[in-house]
Structures are given as C-alpha cells and as structure tokens.
Amino acid sequence: MTATATSTAGTRERTAPWSGQSVARKEDGRLVQGQGSFIDDLGMHGQGYAWFVRSPHAHARIVSVDPSRALAAEGVYAVLTGEEAKQMCEVPFFQIAPGAGARIEEWPLAVDKVRYQGDAVAVVLADTRDAARDAAELVDVDYEPLAVVVDGVAAADPGAVVLHEEAGTNVAWHGTYDYGDIDWALESADHVVRIDRLHFHRFSSTPLECNGATVNWDRGSGMVEVKSNLQMPMFAAMVIGPTLGVPINKFSFSSRDIGGAFGNKIAFYPQIAALALLSRKAGRPAKWTEYRTEHMMTSTHGNERTFLDIEVPVMGDGSILGVKVRAYDDVGAYLHYEPLGAVIWSQVVPGCYKMKHVRVDFTTTLTNKCPVSPNRGYSRMQHLWMLERIIDIVAHELGFDPVELRKRNYVQPEDYPYETPNGCVYDSGDLPRSLDIALGLAQVDFWRRRKQELGTGKGKRVGIGIGSTLDSGTNNFGQARIINPDLPFSGNGEAALAKLDLYGEVNINLGTTPQGQSHETTSAQVAADILNMSPEDVTVTVGFDQAHNSFVGFSGTYASQFAVTGLGAVMGATEKLRDQILEVGSFALEAPKEELELSSGTCMVRGDPSRSIPFIGIANLVYTNNAVLPPELRSTVDLNCRYVYVPPFAVPDAEHKTGNLTLTYASQIHVCVVEVDEETGATEIVSYAAVDDCGNRVNPRIVEGQVHGAAALGIGAALYETFDYDEEGQLEQPSFYEYHAGTALDIPDIQSGYLESPSPFTPNGAKGMGEGGGAPLHAVCAAIQDVLGKDDAVVSDSHNSSERVYELLHSADHHRARGVTVVSRPSADA
Amino acid sequence: MLLKSVEYVRPGSVDEALHLLRSNAGAAPLAGGQSLSNILKHRVASVDVLVDISSLDELREIQRRPDGSIEVGACVTYDELDRSLGVRAGHEIIARVASHIEDSQIRNRGTIGGNCCLSDPTNNLPPLLIALDATMHVRSAGGSRRVPVEEFFKGYFLTALEPGELLTSVEIPALPAGARAGYASLNVAADSKAIVRSAARVKVNEVIEEARVVLARVAPVPIRHRGMEEALVGAAPTAESVRAAADTIGEDLEPVADSHGSSEYRRQMARVVARRAVLEAIGQGGGM
Ligand SMILES: Cc1cc2nc3c(=O)[nH]c(=O)nc-3n(C[C@H](O)[C@H](O)[C@H](O)COP(=O)(O)OP(=O)(O)OC[C@H]3O[C@@H](n4cnc5c(N)ncnc54)[C@H](O)[C@@H]3O)c2cc1C
Numbered sequence: 001m002t003a004t005a006t007s008t009a010g011t012r013e014r015t016a017p018w019s020g021q022s023v024a025r026k027e028d029g030r031l032v033q034g035q036g037s038f039i040d041d042l043g044m045h046g047q048g049y050a051w052f053v054r055s056p057h058a059h060a061r062i063v064s065v066d067p068s069r070a071l072a073a074e075g076v077y078a079v080l081t082g083e084e085a086k087q088m089c090e091v092p093f094f095q096i097a098p099g100a101g102a103r104i105e106e107w108p109l110a111v112d113k114v115r116y117q118g119d120a121v122a123v124v125l126a127d128t129r130d131a132a133r134d135a136a137e138l139v140d141v142d143y144e145p146l147a148v149v150v151d152g153v154a155a156a157d158p159g160a161v162v163l164h165e166e167a168g169t170n171v172a173w174h175g176t177y178d179y180g181d182i183d184w185a186l187e188s189a190d191h192v193v194r195i196d197r198l199h200f201h202r203f204s205s206t207p208l209e210c211n212g213a214t215v216n217w218d219r220g221s222g223m224v225e226v227k228s229n230l231q232m233p234m235f236a237a238m239v240i241g242p243t244l245g246v247p248i249n250k251f252s253f254s255s256r257d258i259g260g261a262f263g264n265k266i267a268f269y270p271q272i273a274a275l276a277l278l279s280r281k282a283g284r285p286a287k288w289t290e291y292r293t294e295h296m297m298t299s300t301h302g303n304e305r306t307f308l309d310i311e312v313p314v315m316g317d318g319s320i321l322g323v324k325v326r327a328y329d330d331v332g333a334y335l336h337y338e339p340l341g342a343v344i345w346s347q348v349v350p351g352c353y354k355m356k357h358v359r360v361d362f363t364t365t366l367t368n369k370c371p372v373s374p375n376r377g378y379s380r381m382q383h384l385w386m387l388e389r390i391i392d393i394v395a396h397e398l399g400f401d402p403v404e405l406r407k408r409n410y411v412q413p414e415d416y417p418y419e420t421p422n423g424c425v426y427d428s429g430d431l432p433r434s435l436d437i438a439l440g441l442a443q444v445d446f447w448r449r450r451k452q453e454l455g456t457g458k459g460k461r462v463g464i465g466i467g468s469t470l471d472s473g474t475n476n477f478g479q480a481r482i483i484n485p486d487l488p489f490s491g492n493g494e495a496a497l498a499k500l501d502l503y504g505e506v507n508i509n510l511g512t513t514p515q516g517q518s519h520e521t522t523s524a525q526v527a528a529d530i531l532n533m534s535p536e537d538v539t540v541t542v543g544f545d546q547a548h549n550s551f552v553g554f555s556g557t558y559a560s561q562f563a564v565t566g567l568g569a570v571m572g573a574t575e576k577l578r579d580q581i582l583e584v585g586s587f588a589l590e591a592p593k594e595e596l597e598l599s600s601g602t603c604m605v606r607g608d609p610s611r612s613i614p615f616i617g618i619a620n621l622v623y624t625n626n627a628v629l630p631p632e633l634r635s636t637v638d639l640n641c642r643y644v645y646v647p648p649f650a651v652p653d654a655e656h657k658t659g660n661l662t663l664t665y666a667s668q669i670h671v672c673v674v675e676v677d678e679e680t681g682a683t684e685i686v687s688y689a690a691v692d693d694c695g696n697r698v699n700p701r702i703v704e705g706q707v708h709g710a711a712a713l714g715i716g717a718a719l720y721e722t723f724d725y726d727e728e729g730q731l732e733q734p735s736f737y738e739y740h741a742g743t744a745l746d747i748p749d750i751q752s753g754y755l756e757s758p759s760p761f762t763p764n765g766a767k768g769m770g771e772g773g774g775a776p777l778h779a780v781c782a783a784i785q786d787v788l789g790k791d792d793a794v795v796s797d798s799h800n801s802s803e804r805v806y807e808l809l810h811s812a813d814h815h816r817a818r819g820v821t822v823v824s825r826p827s828a829d830a
Numbered sequence: 001m002l003l004k005s006v007e008y009v010r011p012g013s014v015d016e017a018l019h020l021l022r023s024n025a026g027a028a029p030l031a032g033g034q035s036l037s038n039i040l041k042h043r044v045a046s047v048d049v050l051v052d053i054s055s056l057d058e059l060r061e062i063q064r065r066p067d068g069s070i071e072v073g074a075c076v077t078y079d080e081l082d083r084s085l086g087v088r089a090g091h092e093i094i095a096r097v098a099s100h101i102e103d104s105q106i107r108n109r110g111t112i113g114g115n116c117c118l119s120d121p122t123n124n125l126p127p128l129l130i131a132l133d134a135t136m137h138v139r140s141a142g143g144s145r146r147v148p149v150e151e152f153f154k155g156y157f158l159t160a161l162e163p164g165e166l167l168t169s170v171e172i173p174a175l176p177a178g179a180r181a182g183y184a185s186l187n188v189a190a191d192s193k194a195i196v197r198s199a200a201r202v203k204v205n206e207v208i209e210e211a212r213v214v215l216a217r218v219a220p221v222p223i224r225h226r227g228m229e230e231a232l233v234g235a236a237p238t239a240e241s242v243r244a245a246a247d248t249i250g251e252d253l254e255p256v257a258d259s260h261g262s263s264e265y266r267r268q269m270a271r272v273v274a275r276r277a278v279l280e281a282i283g284q285g286g287g288m
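Protein chains in written order, with our numbering: chain A, 1 to 830; chain B, 1 to 288.
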C-alpha cells in the first residue's frame with residue numbers, strides 16, 4: 001500500500017503495460033547533465049537587452065518621464081515609456097471582471113499613475129544587460145506620491161483611496177454564494193461556533209527560474225515571435241493580441257524547459273506586451289531575464305484572503321451542518337486572471353465534508369500591492385485552509401477528537417459520485433482510509449504517547465495536525481460566467497498530435513508547457529501502450545511551439561489536469577494513428593484489420609510474424625509511394641492524427657452559481673507532527689506523512705515527486721515564507737535575505753503513501769494532482785493548534801513564524817482575546 | 001554594468017597592499033568577496049580599486065603558541081578554521097561556529113577578517129570573538145597597532161579601522177583554566193539568518209568566577225551584557241542561577257525590529273539564547 005523507494009530499473013528491462021509503472025523520466029538525461037534549454041539560454045539574432053524602470057512608490061501620480069539622459073547613454077537602443085506604449089496600443093487589456101472591474105484600463109506599462117512598488121513606467125533596450133540597467137537609472141521620473149491602501153478589507157471601505165479612478169472603487173467583484181439554508185442551520189444547530197477572523201497570508205511559491213522572454217516584432221512579416229517561459233502562452237496571446245492589434249496567427253509563441261512555474265508564470269503578459277512594443281520601436285528583438293528581486297516584488301503573489309464573521313452550526317454528535325462567512329480576496333493592484341479567484345474556490349465548497357448549508361459573501365479588492373495570479377493550490381487552498389481551521393477549532397472548542405470529527409463529517413466512500421451543494425460532483429475516493437494510512441505513516445501512536453509524556457513546561461511540546469484537502473482538477477471554464485455572465489467561455493480541453501514521421505518514427509506533440517510534470521515521459525507511456533511498443537521509441541516533442549504544436553484556447557500546463565486532458569488527448573490521437581496504421585497494414589498485408597496487431601514498431605498478422613510490415617514501410621506507402629495506394633486510402637489516411645480531448649461539461653448556471661465546475665477530485669491527507677520549543681516558539685516538523693489519492697497513477701514516482709514538491713512549498717509557506725507590506729506599501733521581503741524559501745534543510749523526510757480510487761469520469765481513471773491543495777498549510781496550523789492550551793489563542797493565520805508561535809503560546813498570559821465564541825442551545829448541554 | 005567598472009590589483013605583499021590602500025582614496029581591500037561583491041552589485045558602496053589580499057601568505061597562517069593562544073591570519077577562510085587542528089586543539093568552538101556559516105561555497109571563500117571588518121550585525125564570528133576576548137592586529141603603511149576586540153566594532157558596517165588600515169590577524173587567548181565557551185542562536189529557519197545570538201565564556205571554580213556574555217542582533221554591534229555577567233559571578237554553576245542571571249536582560253535592550261523579528265521578541269529571545277550559551281559553557285546543555 002505504501003509507496004517505498006523502489007530500485008530504478010531501466011525502461012528496457014520492463015514490459016508492457018507501461019502505464020502504471022515508474023519508468024525512468026525521458027527528461028532527466030538532459031536536465032541532470034545541464035543540457036536543458038531554459039529561458040536565459042534562448043535568444044535571437046541581433047537582440048538587445050531590456051530593463052524595466054520601476055516605481056519606488058506604491059501609489060503615485062506620474063508627473064513626467066524623461067528618457068533623454070538614458071537615450072544619451074552608451075549602448076542604448078531605445079526607451080519606451082508608458083504613454084508611448086499606450087499610443088501604440090489599440091485597446092487596454094481585456095478584463096474578466098464585469099461592472100466596475102471591467103472599466104479598469106491597464107496598459108503594458110503604467111500610464112499617469114503607478115499603483116504598487118515596482119510598477120513599470122518605462123523599459124530600456126541596450127546592447128548589454130548591464131548597459132540597460134545603467135541606463136534605466138538615468139530615466140528621470142517625477143512622481144507625486146498618493147495615499148496608499150494595503151489592507152484588503154479596508155480597501156473596500158467607501159472612503160478608501162481608489163487605485164483605478166475609472167472604476168471608481170477598489171471592489172473588483174462582489175457576490176454571494178448561498179447554498180442550502182444556512183439561516184435554518186444556524187437556528188437549528190445544537191452549537192454555533194463563531195470565529196471572528198481568519199487570515200490566509202500572501203506568499204508565492206518560489207521557482208528556481210524567474211520569468212523571462214525574448215520578443216521580436218518582425219517588421220517585414222508582421223510576425224511577433226515570443227520565446228518565453230509562460231506556462232499558458234496562448235492565454236497571453238489572447239489577452240495581448242487585441243491590445244497590440246496582432247491577430248493570433250501573427251504570433252509565434254514558443255517555450256522549452258521551464259524552471260518551475262506553480263501558476264505564477266501564467267500572468268506576466270503585460271511584460272510580454274511591453275517587450276513586443278519595445279522591439280517594434282527599436283527594430284530588433286528584446287530579451288528580458290527577470291531579476292530575483294524584480295520577481296519577488298513585481299511578478300506575482302498568491303491570493304491573500306481574510307475571512308470574517310465565520311459561523312459554524314454543529315450538532316451534538318459533531319455533525320457540521322455548514323458555514324457562513326464573509327471573504328475578502330486581496331488581489332493587489334491590477335486584475336491579472338482575477339477576479340477568477342472569487343469563483344475557483346467554489347469547486348470545493350464543502351471541502352472534504354458533507355456540509356450542506358453554505359453562504360459565502362465574497363469580495364475581491366484592489367490594493368497597492370503586487371498583483372496576484374494563480375499560485376499552486378489557487379483559490380481552493382485558501383478556502384480549504386479555512387475549512388480545516390474550522391474543523392480543528394470546532395474540535396478544540398466542543399471537545400471532539402479531530403480524527404473522529406473528520407471521519408464523521410467526511411464524504412464517505414459509498415457516497416461517490418457525491419454531489420456538493422453547488423452541483424459539483426466528487427468522483428471517487430476513500431477519505432477515512434486515506435487518513436488512517438497517513439496516521440500510520442506518521443507514527444501518530446508513538447507521537448501521542450510522546451505528547452502525553454512531555455505535556456507542557458518541559459521545554460518542548462508535541463503537536464499533531466491533520467490537513468485534509470482536495471485538488472480539484474480539469475476546470476470547467478464556464479465557471480468564469482459566475483463572475484461575469486457575458487463571458488463566452490465554457491468547458492476545457494487539450495490537443496495532441498500523434499504522427500508517423502517520414503521514416504516511420506512515432507512522434508507526439510501537445511499544447512502543454514510542462515515545468516517538471518514529466519509530460520514527455522507519461523505521454524510516451526500512454527502512446528506506447530496503444531501502439532504496443534517501448535516508450536523509449538516514442539518521441540514527445542520537447543517544449544511548445546505555436547508554429548508546429550497542436551493547441552486549443554485552454555492549452556498550457558496549469559491547474560492539475562494533464563493526466564486527464566493532456567493524456568486524454570494523447571490517447572485519442574494515438575488511437576487514431578493506430579487505426580490508420582492498421583488500415584494501411586491491412587492493404588499491404590492483404591489481411592483484414594481485425595487480424596492484425598502492432599508489435600514493437602511493426603504491423604503484422606496476428607500469430608504470423610512472417611507477414612508483417614514495419615512502420616517505415618507504412619510511412620513509405622503514405623508519404624513517398626502513394627500511387628500504390630487505393631484511392632479511398634489516399635484520401636483518408638495521412639498518419640497525422642490530431643485529437644482534442646473535451647471533458648463532458650455543461651454550462652454552469654451563473655444566476656444560481658451552480659454547476660459541475662471540475663471533473664476530478666484528487667485528495668491529499670497530510671499528517672504533521674511538530675515539536676515546538678516553548679521558550680522560542682521555534683517549530684520543527686518531526687514526522688510528516690502525505691497520502692495522495694489521484695486515481696490511477698500513470699507513473700507512481702512522478703506522482704510522488706509532485707507530492708514532495710507540493711508538500712515542500714506548503715511547509716515553506718506555513719513556517720517561513722510571507723510577503724508583508726508596510727504602511728507605505730513597501731514590500732518587506734524583496735529578496736532571499738528576508739524571504740526564506742524553505743530549503744532541503746528545513747523540509748522533513750516525507751512519508752508518502754497512496755490510494756488509487758479510479759475516476760469514473762476520465763479516459764484513464766486518473767485525476768490531476770500536481771497542485772496538492774495546500775495540505776501542509778492546513779496540517780502545520782493544526783499541529784501548532786494542538787500544541788496550545790485550552791485558553792490560548794486559536795491559530796488564525798496561515799503563516800506561523802517562530803515569533804507568532806511564541807505569541808500564541810503566551811496569548812493566555814496576556815489575556816489576549818481568542819476571537820472564538822460558542823453558543824449552545826440549552827438542550828444541547830449534554 | 002552589474003558591477004560598475006573598477007580597478008583590480010593583486011599585491012605581492014602586505015606592505016604593497018598597504019601602500020596601494022594609502023595612495024588610493026577609493027581603494028578597498030577585497031578578501032573573500034562574499035559580502036563586498038554583493039555590496040558592489042547592489043551599488044550601495046562605490047570602490048575605485050579593489051586590492052585583493054585574499055592570497056597573501058602572510059595573512060593566511062594559523063599559529064598556535066605554546067601558551068595555547070592562537071593567531072589567525074585575516075584571510076583564513078571559514079573552511080580552513082573548521083579544518084585546522086591548531087584551532088580545534090584549544091578552540092573547538094571557533095571551528096564549530098565557522099562550520100555553520102551558510103553554505104560550503106561561502107565557507108570556501110569567506111574570511112575571518114572579512115567577517116569582522118564588514119561589521120554586519122548578523123555575522124557569526126564577532127560575538128564569539130568578543131566572548132573569547134580576542135585582540136585585533138591592525139597595520140597601516142605607517143605602523144601597526146593592537147585593538148581589543150571590544151573596541152573594534154563601532155556600528156553598522158563600521159569598525160575602528162582607519163582608511164588605509166588592514167586587519168592582519170586575530171589573536172585569541174587560550175581559555176583560562178576552568179573556562180569554557182558556549183554559543184547559541186535562534187534562526188529564522190535551518191540555514192538562514194539569525195534572529196538573535198549569544199556567545200559566552202565562563203570560568204568555573206566551584207562557583208562561577210568569571211563570565212563574558214555577548215549578545216548579537218539586539219544592537220548595531222555585538223554587546224557584552226554586564227548585568228548578566230555580574231549576576232553570574234559568584235553564583236553556583238546551576239541552571240537555576242543561570243536563569244536568574246539571564247532574567248537581568250530586559251528593558252535595558254532596545255533591539256531593532258525587522259522582517260525577521262520584532263523588538264520585543266528579540267528582547268525576550270536574548271534571554272533565552274544567552275541562557276543557552278552560558279549553559280553550554282558550564283557544561284549543562286547544548287548550544288547552537
Ligand atoms: C548569501 C550569503 C549569506 C551570508 N550569510 C552569513 C551569515 O549568516 N553569517 C555570517 O557570518 N556571514 C554571512 N555571510 C557573509 C560572509 O560571511 C562574508 O564572507 C563576510 O561577511 C565577509 O567576508 P569576506 O572574506 O567575504 O570579505 P569581503 O566581502 O571581501 O569584504 C567585506 C568587507 O570587509 C573589508 N575587509 C575584508 N578583509 C579585510 C581586512 N583584512 N582588513 C580590512 N578590511 C577588510 C572589505 O573591504 C569589505 O568592506 C553571507 C554571505 C552570503 C553571500
């Protein structure tokens with residue numbers, strides 16, 4: 001049951017079926033030998049180097065921008081200012097938001113105003129990176145500082161200083177999600193637990209590689225070539241195309257290896273647009289490689305969410321009926337992909353639980369901070385964290401065992417497919433069993449005894465916490481209509497092209513842009529099973545290139561879906577290719593298709609190897625010898641098979657905010673044991689287990705790698721990583737000196753286990769699982785809560801530095817308000 | 001340029017280095033470069049001439065004297081401190097602290113001299129050298145002088161060195177009979193910056209006879225906490241008396257607040273780490 005490290009036998013010694021095996025990764029050879037092609041390795045002939053001029057102020061009027069000193073500097077090709085960029089554009093960037101949010105005018109560079117520290121006001125192109133950087137210091141910008149708003153809740157106040165005057169408000173979106181009958185539940189429950197405030201902090205999962213791009217606006221052809229490490233390049237194309245006046249077929253986006261993305265490489269399209277205009281102006285390619293501080297300050301952060309006035313109706317037996325809450329999502333200074341965060345969470349309205357009555361009053365606000373965009377666990381993580389905090393607070397307040405309370409409220413194995421209050425369908429799983437496995441792997445029995453022995457006052461305390469979470473995958477983009485009913489989006493899909501090349505080589509290419517998810521390996525496994533050959537003989541095109549890869553509007557690598565959409569497309573395309581090979585084989589071997597089989601690159605009559613034709617022969621007949629073929633084959637067979645996998649979605653009901661919003665629900669149950677130093681609050685993880693159930697695993701070791709990566713990022717965020725702003729809107733952690741990204745020394749050994757509950761809705765029974773649902777944040781907070789005494793404060797923030805844990809430990813001494821009240825019906829006292 | 005263009009000279013001797021430093025107002029010594037190159041990259045200091053002293057043999061020796069004291073050349077690296085038998089023989093704690101500075105790339109290049117001359121309050125070695133009562137050997141083209149370590153650190157990124165002067169070596173006396181040292185820090189995470197540190201040297205002869213307790217990151221430079229030292233002297237070497245002594249640390253400190261810790265937390269933690277450092281020095285617990 002438990003995944004243990006198995007010896008890495010090479011692919012050659014293994015046999016089919018390949019899916020389900022930990023075959024060695026195709027990508028590893030080049031990556032471990034330093035032969036990957038990352039963004040800074042790529043360039044174009046005659047390129048200049050770009051450096052952005054960025055605002056030191058969080059909010060200011062731009063009085064003037066004078067590039068003359070920069071233009072006079074040696075090696076400078078061009079300077080593009082915000083106003084000039086605007087003049088070169090047709091329309092501002094497209095907005096997803098309706099109403100006030102839709103009125104926001106965002107251009108490639110700031111015009112008239114800067115709205116966060118690091119907002120770009122101009123960009124310089126020069127013959128070297130250093131010359132561009134030097135010249136950027138010579139661009140004279142005159143600012144008139146304005147009042148600043150950095151609090152996501154205060155930003156919604158009518159009196160708050162407004163970032164975008166054309167919108168007239170900082171509220172980018174507001175809506176109420178109301179399912180079941182929460183008022184009835186609150187009246188009828190035996191207990192109502194009230195929590196004043198929970199806060200999910202701002203951080204960003206750190207990629208090793210920052211953003212970057214080389215962009216060339218070719219004057220002769222009008223083609224705009226973009227080599228970048230965007231993880232959803234065609235989304236960027238769709239956003240910037242109308243702004244730049246460039247049709248999609250005049251773009252050529254491409255990418256190679258990407259050094260980590262986690263969602264934060266979806267939305268740097270303003271920079272791409274600015275580079276395109278800079279290139280157009282200078283008449284040469286513009287190359288930009290983001291600096292680390294630039295990345296931390298201006299690339300993107302994860303959504304910061306504040307939950308207020310939480311009310312939880314609970315029955316005497318521990319059944320939790322629902323939750324009522326006001327949520328404020330602070331999305332920073334511009335809407336990049338937002339306000340989609342205001343709906344994405346509703347893929348997991350009740351979390352892992354059977355609660356039926358939920359009302360969430362949701363507000364998205366703009367603040368003078370770095371814009372947010374998806375970050376591993378996007379939007380669901382924040383909501384799931386709140387639910388897990390609720391479970392533990394309810395357990396703590398009403399005296400339930402957190403394990404038993406979870407098991408009582410979990411969706412049970414026999415409930416699947418389970419429809420949530422808003423019409424989402426949980427496909428499969430076994431949460432109670434996953435939890436038992438995790439408790440076992442973390443050796444919780446041992447740690448409970450240790451906790452008992454140590455008690456309090458002996459210097460160290462032990463705490464045990466659970467994080468139960470869902471990684472909903474394969475979005476129905478129709479949920480965007482819940483934000484804005486006029487949006488023409490719905491469904492999802494991915495494209496793949498399977499072909500035999502001129503000498504019979506098998507090739508697969510996709511619309512995806514992997515960043516470590518091993519698409520080359522798993523695609524080859526799946527295709528190899530269909531063609532009955534070794535995955536080593538299947539080539540999967542490295543990277544993405546708009547010019548020759550197949551894609552749809554949803555293409556990219558994001559949001560836990562490749563195992564379903566990507567591999568679904570590979571399966572469909574490869575099956576088509578197999579059929580064509582069999583058809584040509586049937587002609588060549590003069591045998592009916594049904595009597596043929598494929599084996600290691602040949603097509604043969606079953607049981608008679610003497611009657612066979614290799615793939616090179618099939619390719620020859622179609623590509624270079626087609627006069628031999630009968631006319632009906634000539635016109636139907638091309639050995640280039642495209643397939644688009646489309647999940648079975650309907651358009652959600654925007655008015656009632658219901659519908660099936662995601663196809664699959666992988667679950668992650670994490671158990672964390674901490675040892676807290678009573679004197680300092682320093683928290684050390686002494687045992688950690690992660691049990692993932694993502695249905696059928698195409699390659700178990702790759703799944704385990706994703707589990708480890710997601711766990712490490714979550715642990716880092718829970719204990720070390722936070723982006724805070726001071727009152728002036730200055731980022732307090734602009735470098736690794738202040739922002740400690742968790743390293744190998746901080747992350748404990750992770751005991752990983754699994755269950756495989758196949759999804760009934762996907763072509764291969766697999767579920768997306770890469771994001772991981774933020775389980776470590778939930779589990780670490782729960783473990784810290786478990787360390788605290790009855791009268792101590794509750795863990796109300798997702799980030800817990802040593803200092804904060806120290807404060808929590810001493811909160812009772814200082815009579816700090818706990819922010820939790822329980823109201824019980826008289827009859828419920830028993 | 002990432003690094004503004006700057007002249008680079010590698011002198012053949014300390015005398016030549018001193019001459020170069022005296023004759024160029026904008027010259028600065030370059031040791032391991034682990035801080036200086038970052039400072040130049042961030043453009044917070046401007047230097048015209050880098051005088052690379054890192055490979056001068058005269059600055060790279062470790063001498064252990066018959067009396068048990070050691071003299072460590074300014075350009076001895078952390079890694080060399082860690083590996084040196086001479087250092088380990090009587091000053092194992094220096095090797096240990098050096099071995100915990102960041103990662104091996106930094107330990108291969110960073111020097112004891114650079115660690116002191118930068119006077120960065122987060123650096124690991126200064127509080128230890130104060131606890132161990134070191135003496136700094138300083139030379140200029142005009143002569144040489146010895147500076148007691150407690151007078152060496154003057155403020156943030158500021159030392160007692162005059163323009164044109166080099167720190168050539170650090171002399172660390174033998175631990176007095178019956179004395180041991182301890183060192184404790186509270187870090188943000190496993191391999192990150194310290195929030196507070198403490199180093200101590202305590203001599204025990206039935207009772208505590210002598211104590212030097214140093215706190216770092218609670219003030220611009222590492223400071224000795226006289227109140228705690230006085231409370232320790234004459235006390236029994238027990239956990240209780242150390243706790244009582246540490247409780248003298250309090251309102252007298254006004255630590256800075258930054259993203260790693262508030263002033264109040266630092267003040268509280270100063271007590272804890274000072275106690276842990278002293279406990280280690282009297283053999284009653286682990287440091288670090
Ligand atoms: C990422 C990173 C993290 C770090 N974290 C820590 C840490 O946690 N703790 C820690 O202790 N250190 C840390 N360091 C700093 C490191 O220890 C440096 O090596 C040290 O501060 C300077 O030593 P250096 O030999 O590299 O000196 P350099 O960088 O070459 O010089 C530093 C300064 O001292 C002057 N100088 C150097 N030698 C002499 C001399 N003999 N006489 C006069 N002036 C001199 C130079 O002119 C310069 O002003 C870190 C460094 C890096 C890159």
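For the record, the hints were derived by calculation from the structure and aren't laboratory data. Misleading hints may appear alongside valid ones.
Derived DMTMM-like pairs: lysine to aspartate or glutamate, alpha-carbon spacing no greater than 25 Å straight-line [unchecked claim]: (1) B/LYS203 to B/GLU150; (2) B/LYS4 to A/ASP127; (3) B/LYS193 to A/ASP726; (4) B/LYS4 to A/GLU807; (5) B/LYS193 to A/GLU807; (6) A/LYS407 to A/GLU397; (7) B/LYS193 to A/ASP130; (8) B/LYS193 to A/ASP40; (9) B/LYS193 to A/ASP309; (10) B/LYS193 to B/GLU206; (11) B/LYS193 to A/GLU294; (12) B/LYS193 to A/ASP677; (13) B/LYS4 to A/ASP677; (14) A/LYS458 to A/ASP486; (15) B/LYS4 to A/ASP66; (16) B/LYS41 to A/GLU732; (17) B/LYS41 to A/GLU74; (18) A/LYS451 to A/GLU738; (19) A/LYS458 to B/ASP247; (20) A/LYS460 to B/GLU264; (21) A/LYS790 to A/GLU294; (22) B/LYS4 to A/ASP724.
To see whether the hints hold, each was checked on the structure:
Distance restraint check for B/LYS203 and B/GLU150: the Cα-Cα separation of roughly 19 Å lies within the 25 Å cut-off, and the hinted pair is therefore satisfied. Our distance criterion of 25 Å between C-alpha atoms is met by B/LYS4 and A/ASP127, whose separation comes to about 16 Å. Taking the CA atoms of B/LYS193 and A/ASP726, the gap is near 21 Å; set against the 25 Å cutoff, the hint holds. Simply put, B/LYS4 and A/GLU807 have alpha-carbon atoms about 45 Å apart, too far for the 25 Å limit, and the pair is violated.
The straight-line distance between the Cα atoms of B/LYS193 and A/GLU807 is roughly 20 Å, inside the 25 Å bound, and the hint therefore holds. With a C-alpha separation of about 18 Å, the suggested pair A/LYS407 and A/GLU397 falls inside the 25 Å cut-off, and the hint holds. Restraint check for B/LYS193 and A/ASP130: not satisfied, since their Cα atoms lie roughly 30 Å apart, outside the 25 Å limit. Proposed proximity of B/LYS193 and A/ASP40 is contradicted: the alpha carbons are some 30 Å apart, above 25 Å.
For the suggested pair B/LYS193 and A/ASP309, the alpha carbons sit about 37 Å apart, so the restraint of at most 25 Å is broken. For a cut-off of 25 Å, the pair hint linking B/LYS193 to B/GLU206 is broken: about 37 Å separates their Cα positions. Proximity of B/LYS193 to A/GLU294 is assessed by CA-CA distance (about 22 Å); at most 25 Å being required, the pair is judged to hold. Under the criterion of a C-alpha separation no larger than 25 Å, the hint pairing B/LYS193 with A/ASP677 is consistent with the structure, at around 18 Å.
The hinted pair formed by B/LYS4 and A/ASP677 fails the criterion: a straight-line CA distance of about 46 Å is larger than 25 Å. Of the supplied pair hints, the one linking A/LYS458 and A/ASP486 is violated, its CA atoms being roughly 61 Å apart against a limit of 25 Å. Under the criterion of a C-alpha separation no larger than 25 Å, the hint pairing B/LYS4 with A/ASP66 is consistent with the structure, at around 23 Å. For a cut-off of 25 Å, the pair hint linking B/LYS41 to A/GLU732 stands: about 20 Å separates their Cα positions.
A hinted pair counts as satisfied when its Cα atoms are at most 25 Å apart, and B/LYS41 with A/GLU74 qualifies at roughly 20 Å. For the given pair, A/LYS451 sits about 33 Å from A/GLU738 by alpha-carbon distance, which is inconsistent with the 25 Å threshold. A threshold of 25 Å between alpha carbons decides the hint, and for A/LYS458 with B/ASP247 the separation of about 19 Å falls inside it, so the pair holds. Distance restraint check for A/LYS460 and B/GLU264: the Cα-Cα separation of roughly 22 Å lies within the 25 Å cut-off, and the hinted pair is therefore satisfied.
Proximity of A/LYS790 to A/GLU294 is assessed by CA-CA distance (about 44 Å); at most 25 Å being required, the pair is judged violated. With a C-alpha separation of about 32 Å, the suggested pair B/LYS4 and A/ASP724 falls outside the 25 Å cut-off, and the hint is violated.
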